[in-house]
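Colleague: For the record, the sequence lines run as chains A and B. For what it's worth, the numbering used here labels the leading residue of the first sequence as 1, then goes sequentially. For what it's worth, the numbering used here labels the leading residue of the second sequence as 1, then goes sequentially.
Zero decoy hints are in this set.
DSS-like, lysine-lysine: derived pairs with alpha carbons at most 27 Å apart:
#, chain 1, residue 1, chain 2, residue 2
1, B, Lys326, B, Lys348
2, A, Lys128, B, Lys406
3, B, Lys406, A, Lys24
4, B, Lys290, B, Lys399
5, A, Lys30, A, Lys128
6, A, Lys62, B, Lys390
7, B, Lys390, A, Lys24
8, A, Lys127, A, Lys94
9, A, Lys129, B, Lys399
Derived from the structure by calculation, the hints contain no laboratory data.
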Amino acid sequence: MAYSDKVIEHYQNPHNVGSFGSSKEVQARKDIGVGIVGAPECGDVMQLHIQVSDAGVIQDAKFKCFGCGSAIASSSLATEWIKGKTVDQALAIKNTEIVEELSLPPVKIHCSVLAEDSIRAAIEDWKKKNGHATAVDTHAAHAR
Amino acid sequence: MNKTRPLYLDNAATTRCDPRVVEVMLPYLTEAYGNSGSRNHAFGWEAEEAVEKARDQAAALIGANAKEIIFTSGATESNNLAIKGAAHMYAKAPEGQTGRGHIITALHEHKAVLDPCKRLQKEGFDVTYLQPPADGVITVDMVAKEIRPDTILVSIMWANNEIGTINEVPAIGKLCHDKEIIFHSDGTQWVGKMPTDVERDNIDLLSWSGHKMYGPKGVGALYVRRRKPRVRLEAIVDGGGQERGMRSGTLNISGIAGFGKACELCQHEMQSEGERLLKFRNRLETELAKAIEVTQVNGNASKRVPNITNISFGFVEGESLLMGIKDIACSSGSACTSASLEPSYVLKSLGVGDELAHSSLRLSMSRWTTDKEIDYTIASITKAVLHLRKMSPLYDLYKEGVDISKIQWQTH
Numbered sequence: 001m002a003y004s005d006k007v008i009e010h011y012q013n014p015h016n017v018g019s020f021g022s023s024k025e026v027q028a029r030k031d032i033g034v035g036i037v038g039a040p041e042c043g044d045v046m047q048l049h050i051q052v053s054d055a056g057v058i059q060d061a062k063f064k065c066f067g068c069g070s071a072i073a074s075s076s077l078a079t080e081w082i083k084g085k086t087v088d089q090a091l092a093i094k095n096t097e098i099v100e101e102l103s104l105p106p107v108k109i110h111c112s113v114l115a116e117d118s119i120r121a122a123i124e125d126w127k128k129k130n131g132h133a134t135a136v137d138t139h140a141a142h143a144r
Numbered sequence: 001m002n003k004t005r006p007l008y009l010d011n012a013a014t015t016r017c018d019p020r021v022v023e024v025m026l027p028y029l030t031e032a033y034g035n036s037g038s039r040n041h042a043f044g045w046e047a048e049e050a051v052e053k054a055r056d057q058a059a060a061l062i063g064a065n066a067k068e069i070i071f072t073s074g075a076t077e078s079n080n081l082a083i084k085g086a087a088h089m090y091a092k093a094p095e096g097q098t099g100r101g102h103i104i105t106a107l108h109e110h111k112a113v114l115d116p117c118k119r120l121q122k123e124g125f126d127v128t129y130l131q132p133p134a135d136g137v138i139t140v141d142m143v144a145k146e147i148r149p150d151t152i153l154v155s156i157m158w159a160n161n162e163i164g165t166i167n168e169v170p171a172i173g174k175l176c177h178d179k180e181i182i183f184h185s186d187g188t189q190w191v192g193k194m195p196t197d198v199e200r201d202n203i204d205l206l207s208w209s210g211h212k213m214y215g216p217k218g219v220g221a222l223y224v225r226r227r228k229p230r231v232r233l234e235a236i237v238d239g240g241g242q243e244r245g246m247r248s249g250t251l252n253i254s255g256i257a258g259f260g261k262a263c264e265l266c267q268h269e270m271q272s273e274g275e276r277l278l279k280f281r282n283r284l285e286t287e288l289a290k291a292i293e294v295t296q297v298n299g300n301a302s303k304r305v306p307n308i309t310n311i312s313f314g315f316v317e318g319e320s321l322l323m324g325i326k327d328i329a330c331s332s333g334s335a336c337t338s339a340s341l342e343p344s345y346v347l348k349s350l351g352v353g354d355e356l357a358h359s360s361l362r363l364s365m366s367r368w369t370t371d372k373e374i375d376y377t378i379a380s381i382t383k384a385v386l387h388l389r390k391m392s393p394l395y396d397l398y399k400e401g402v403d404i405s406k407i408q409w410q411t412h
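Work out the full structure, taking the sequences as your base and the hints as a guide.
Modeller: As C-alpha cells, then:
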C-alpha cells in the first residue's frame, strides 16, 4: 500500500510522542485527561494524554500508538490539532477531517475514527475528574 | 547495496528466476516454438524433447519416475488437481449425495489446499481440519486419531509457507499406505530446498511450483504415483488429453524447460545452499533476540526449513514495522497487510495470540542472500522496532509490569 507523504512524515517524525507519566501517575492528576482506545488483538491501540487548564483549554497533548503507519499519523495529527483548543472545540474535530488531511484510503478510515475516539475519551476522563457533566454516550454524538 | 530497489527477503512468496534457468528457456520462445503435441515435424519433436528432459529433471529431484510427473501451471493447480481429482475418483457415493468420503487436512495449510477442501465439503465430502499445536508441527499421531473407515485422502503440507515448520510427512505417508488412504503433500516450500524421495517418504501425490525454487512463474508439477498404489485422478481441465489426460492444454514449453533446469540446479545446490541459509537464519534469530527484548520465533525451533523465519516483536504492529524497514522487502502477519483486516490465520491457528500475530515479520532468504544483507537487516529491524517501541503504549504498560492480556480493552 502506498502511503501519502503526510503519513510518512508523521511516521518518521511523529509529533508529541510521550505521556505525562505512568498510568498511575496520570490517574492521580486532575489536570490530565487520559484516553486509551482500541485493542491489541485488533492491531490498534491509541493512548492520548491531554493537559487541560481550569478554563478548559488543552495546553498540551501527548500520544502513544500501537498500530499501522496511518494510525500513528492520525494520532500525531490529532495532538497537533487539539493543542490550544478548548475541550469543546476539540470535541468538534471529525474523523473525516483527519482522513482528508492525511489522504487516508478507505481501508484506513478506522484509524481516523480511533483518533477521534481517543480525543473524546481523554476529554471525558478530564471532565469526570473535574466534576463536569459528561456526555451520556460519546459515540452517539458522531456519525461513523 | 542497490539504492533504487529494496533488498529482497520475501523468497517464500516468490524467488528470482535464476539466469541459468532463463538461458534454457529463451530458445523455446524464439526459434524452437513448436507444440510438443505436433508429432509429425521437427518443431514438435524439439519441443517434446525439451519437455521430456524437464520431466526427467523434475522426477530426479524427488526420486520419482518421469512418467509420474504431470506439468501444471503451479502448485495451486497441482493442489486442486490432487485434492479434487482424488476425491472425485475415490468418492464413496455419487454426486449429489452426502457421505462421499472423508478427508483430513490441517488448519494452517495454504489456501490452495483449504479452499478445494471447502468446495468438496459442499459437494458431500467430510473434511477434518487438524488443529496444529503451538509449535505448528503436524505429527503422525494427530492424523492417526482422525482416520475413519471412510477416509479417502489425507493432505498435509511438507513445510509451512508462513513459519517454515516441517510436518511429519514420511510417517504420515507410511500410516496412509498402511491404511490404504491416498496421501497428498503440498511440497511448495520443501521441494528443491530439502532432500525428497517419494519412495522413502511414502508420498502418493506431491505438488510444487517453479517460482519458489528459482524457476519461472506459471509452471509447476504434480507427482502422481503409478505403482504401489497406482493413483488415479479425475481431471479438472479437459481437452486435448495432454499429460496422460490429467491436464489437457498445450504445454508451456519454455516454462517447463526452465522448471526442469531449476529442479536440476536445486538438486545439485540444495545441500551447500541449505547450510548457508541455515547460518543466516540462525544469525538473524539470535542477533535480533539479543538486540530486542520480547521477541519470539514462531513455530518449532528445530523442525523448520532453513530459508524461512517468522519472528514476532512484542508491542510493535507489523505494518508500521514494515514501513520502518521499507528498504527490505518482506512480509508481515499483521492484519493491515492483508485485505481482510484479519491477522495471519496460520499464526492464529497456532494460538500465537492476535497481538503477537499483528507483530510478526516473515523473512525468507534465497540463493543470492549475502552476509552483508543479513547484517543490514538486523540493524534496520532493530532500529525500527526501537523507534516504534518509543511510541508504543503497550511497551509502557509492559515496562510498568502490567499484564496486557488482563486489561479490558475497548474493542470497536
